[in-house]
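If you read the protein sequences in the order shown, they are chains A and S. Anchor point for the first sequence: position 112 equals 112 in the numbering used here, and the numbering is continuous, going up by one each time. Anchor point for the second sequence: position 58 equals 58 in the numbering used here, and the numbering is continuous, going up by one each time.
Among these hints, one or two may not hold up.
[What the hints assert, rightly or not] Below, computed lysine-lysine pairings styled on DSS-like, alpha-carbon distance capped at 27 Å:
| id | chain 1 | residue 1 | chain 2 | residue 2 |
| --- | --- | --- | --- | --- |
| 1 | S | 76 | A | 62 |
| 2 | S | 63 | S | 50 |
| 3 | A | 31 | S | 65 |
| 4 | S | 65 | A | 57 |
| 5 | S | 63 | S | 168 |
| 6 | A | 62 | S | 139 |
| 7 | S | 29 | A | 57 |
| 8 | S | 29 | A | 62 |
| 9 | S | 139 | A | 360 |
| 10 | S | 168 | A | 57 |
| 11 | S | 76 | S | 29 |
| 12 | S | 179 | A | 31 |
| 13 | S | 89 | S | 123 |
| 14 | A | 62 | S | 89 |
[Unchecked claim] Chain A residues, not near chain S, derived (Cβ > 12 Å throughout):
| id | residue |
| --- | --- |
| 15 | 50 |
| 16 | 56 |
| 17 | 60 |
| 18 | 191 |
| 19 | 214 |
| 20 | 228 |
| 21 | 273 |
| 22 | 315 |
Just so you know, the hints here were simulated from the structure itself, not pulled from any lab data. In this text, a Cβ means the ideal position worked out from N, Cα and C, and glycines have one as well.
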Amino acid sequence: MRKIETYHWIERYLAGELTGEELSNFELRLKTDQALAEQLEQFREVTDTLHFYGQRKSLQQKLNTIHAQSFEPQPKKVITPFGNKEKRQIFWNQHYATIAVAASVALLTVFGTLFSIDLWRSMGKQQAARYSALRREVEKIKNSQRAINRAITGNETKSLPKAEYDPGNFSGTGFAISADGYLVTSYHVVSGADSVFIQNSSGQQYKVKNIYRDQAHDLAILKIADDNFPGFGTLPYGVKASESDLGERVYTLGYPREDMVFGEGSLSSRTGFEGDTTSYQISIPVNPGNSGGPLLDNQGNLIGVISGKQLDLQGAAFAVKSAYLKQLVEQLSLDSVESPIKLAKSNQLAGASRTRQLKKLEDYVFIIKVYNN
Amino acid sequence: MHKVLYFSDEALLAGIRNEEEAALAYLYKQHYPMILHFVQNNNGTDDEAKDIYQEAVIVFYEKVKDQNLELNCQIKTYLYSICRRLWLKRLALKNRFAGMITDSDTFIQVDEEVAELEENELKFKKMGEALVLLGEPCKTLIEDFYIQDLTMQSITEKFGYTNADNTKNQKYKCLMRLKKLFFTLYKTEISSS
Chain A
1 MRKIETYHWI ERYLAGELTG EELSNFELRL KTDQALAEQL EQFREVTDTL
51 HFYGQRKSLQ QKLNTIHAQS FEPQPKKVIT PFGNKEKRQI FWNQHYATIA
101 VAASVALLTV FGTLFSIDLW RSMGKQQAAR YSALRREVEK IKNSQRAINR
151 AITGNETKSL PKAEYDPGNF SGTGFAISAD GYLVTSYHVV SGADSVFIQN
201 SSGQQYKVKN IYRDQAHDLA ILKIADDNFP GFGTLPYGVK ASESDLGERV
251 YTLGYPREDM VFGEGSLSSR TGFEGDTTSY QISIPVNPGN SGGPLLDNQG
301 NLIGVISGKQ LDLQGAAFAV KSAYLKQLVE QLSLDSVESP IKLAKSNQLA
351 GASRTRQLKK LEDYVFIIKV YNN
Chain S
1 MHKVLYFSDE ALLAGIRNEE EAALAYLYKQ HYPMILHFVQ NNNGTDDEAK
51 DIYQEAVIVF YEKVKDQNLE LNCQIKTYLY SICRRLWLKR LALKNRFAGM
101 ITDSDTFIQV DEEVAELEEN ELKFKKMGEA LVLLGEPCKT LIEDFYIQDL
151 TMQSITEKFG YTNADNTKNQ KYKCLMRLKK LFFTLYKTEI SSS
């Protein structure tokens, strides 16, 4: 009981509740009573420490919160695919100008790139087009002829109902190589063809059945499949196996238009387009439609097949060497064709004048009509 | 937490004196990376950095609030110096101190502060231990009265005592026990160290 009394006194003293007489009495007791003073001191220390403890504890908690908020990984929020709507709106409002610029730059870049790639490609194509294969696009010519007609007469020509005549989509030239109905032309003339007809200078037309193609040398061999076809008879020219000499006089017959056209020149190089050793360069003026025409020398030997010309050079035409024709025929005789193709060997044209040669020749040179609808 | 910027040390000190939460948070965030860097560079972990940094901030904070800090350098330097000393001691305890640490900043002598800090730390620790040893319900009662500053009346109601005198008696008994426990723990620690 005594102790608790003392404790209450101490507590009240420290709280400042003692006044007047009580206070002076207590202070007097403190001075005299050593034990009381010691108790007071201890009491004070414990309560102070308790205060200190409490404050520090709460401070620690605060710091821990701050630390956790600032320096420790926050628990991950649920991530919606595009953030919330308001944030998106704000973002858009802030950045739409930048986004617009970025998008237009991106579009410009994409289309610019596509355009320039296209341009670059077409430049490449122009380069490739320096070599031109000489098959004739018939429709084109027909249209331009109509346009000319119209221009001359001044009104729509009511063309007379002609006998139904279809010139085909493309045309080229071909010539016979054996008596039983084999002909030669250029590969590019008959490439992609649905059906092929041949027509001679007198207008006689035959259908072609089989086509043997050799794309590498731009050659094709056709076989006539017509019951009415009587055969060519003996061919007047022979195929020359060896190479011809530079400067040799050469000529060709072909159908760059509806009628047969003669062209003459000389053998100007032993190699063809870009040094192609399988063909000659010749100085005969040739035109679309000449492709597949025979190239003959002065003695009437077949030395090549006209194939194309170089656009950016004057008077540079090319013809595949006859050696490759011979090679192709031999190969075909071995594996593809039922009966071997007998190439004409005898040459009946040697020594004859040019006009006599041509007269004999023209029956064996044909217009090749190609239909590919 | 408000994002308030304290542009100078003076403003920050004033903020702490006014017990602004934001000031404390700002202080804490501003210098933690430096201490983290320092500790990591000297064989320490993130947790250790956090420990000593918090000690230093607490000391600083308490001193500022009690108005007994004579700061004649930057806050940054002060905190760094304290942390540096604390870290040296820790390393010594861990027997890993090779006599060299890599300093990342200038520092001042803080022997006095550290001594005081350690004494306070010891008191704090022992009081905590004493409270745990005291056990319930004494612990809560003492905490409510002396730390939370609740009135006798509300404590009486909370603990379901019949009247305030009863509570007073109970509190007296608890405090006596706490006093005994605390002084035993504290004194033995002082004499042993």
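The hints, checked one at a time:
For the given pair, residue 76(S) sits about 20 Å from residue 62(A) by alpha-carbon distance, which is consistent with the 27 Å threshold. Taking the CA atoms of residue 63(S) and residue 50(S), the gap is near 20 Å; set against the 27 Å cutoff, the hint holds. At roughly 34 Å between alpha-carbon atoms, residue 31(A) and residue 65(S) are farther apart than 27 Å, so this suggested pair is violated. For the hint pairing residue 65(S) with residue 57(A), the CA-to-CA distance comes to about 16 Å; that is within 27 Å, so the pair holds.
Proposed proximity of residue 63(S) and residue 168(S) is contradicted: the alpha carbons are some 34 Å apart, above 27 Å. Restraint check: the Cα-Cα separation between residue 62(A) and residue 139(S) comes to about 22 Å, which is no more than 27 Å; the hinted pair holds. A distance of roughly 19 Å separates the Cα atoms of residue 29(S) and residue 57(A); the hinted pair therefore holds under the 27 Å criterion. This hinted pair checks out: residue 29(S) and residue 62(A) have alpha carbons roughly 12 Å apart, not beyond 27 Å.
For the suggested pair residue 139(S) and residue 360(A), the alpha carbons sit about 134 Å apart, so the restraint of at most 27 Å is broken. Between the alpha carbons of residue 168(S) and residue 57(A) the distance comes to roughly 25 Å, so the proposed pair stays at or under 27 Å and holds. Between the alpha carbons of residue 76(S) and residue 29(S) the distance comes to roughly 12 Å, so the proposed pair stays at or under 27 Å and holds. The straight-line distance between the Cα atoms of residue 179(S) and residue 31(A) is roughly 23 Å, inside the 27 Å bound, and the hint therefore holds.
Annotation: proposed proximity of residue 89(S) to residue 123(S) holds, straight-line Cα distance about 18 Å (limit 27 Å). Among the hinted pairs, residue 62(A) with residue 89(S) is consistent with the structure: their alpha-carbon atoms are about 26 Å apart, no more than 27 Å. The beta carbon of residue 50(A) is not kept farther than 12 Å from every beta carbon of chain S, the shortest such distance being approximately 4 Å. Here residue 56(A) does not stay apart from chain S, with its beta-carbon only about 6 Å from theirs, under the 12 Å limit.
Against the 12 Å criterion, residue 60(A) falls within the reach of chain S, whose nearest CB is about 7 Å from its own CB. At roughly 77 Å from the closest C-beta of chain S, the C-beta of residue 191(A) stays outside 12 Å, upholding its exclusion from the interface. Consistency note on residue 214(A): stated as away from chain S, and its beta-carbon is indeed over 12 Å from all of that chain's, at 79 Å minimum. For residue 228(A), the non-interface assignment is confirmed: its Cβ lies about 103 Å from the closest Cβ of chain S, beyond the 12 Å cut-off.
No Cβ of chain S comes within 12 Å of the Cβ of residue 273(A); the nearest lies about 75 Å off, and the non-interface call holds. With a cut of 12 Å on Cβ distances, residue 315(A) stays outside the contact zone with chain S, its closest approach being about 85 Å.
Of the numbered hints stated above, those contradicted by the structure are hints 3, 5, 9, 15, 16, 17, listed in ascending order.
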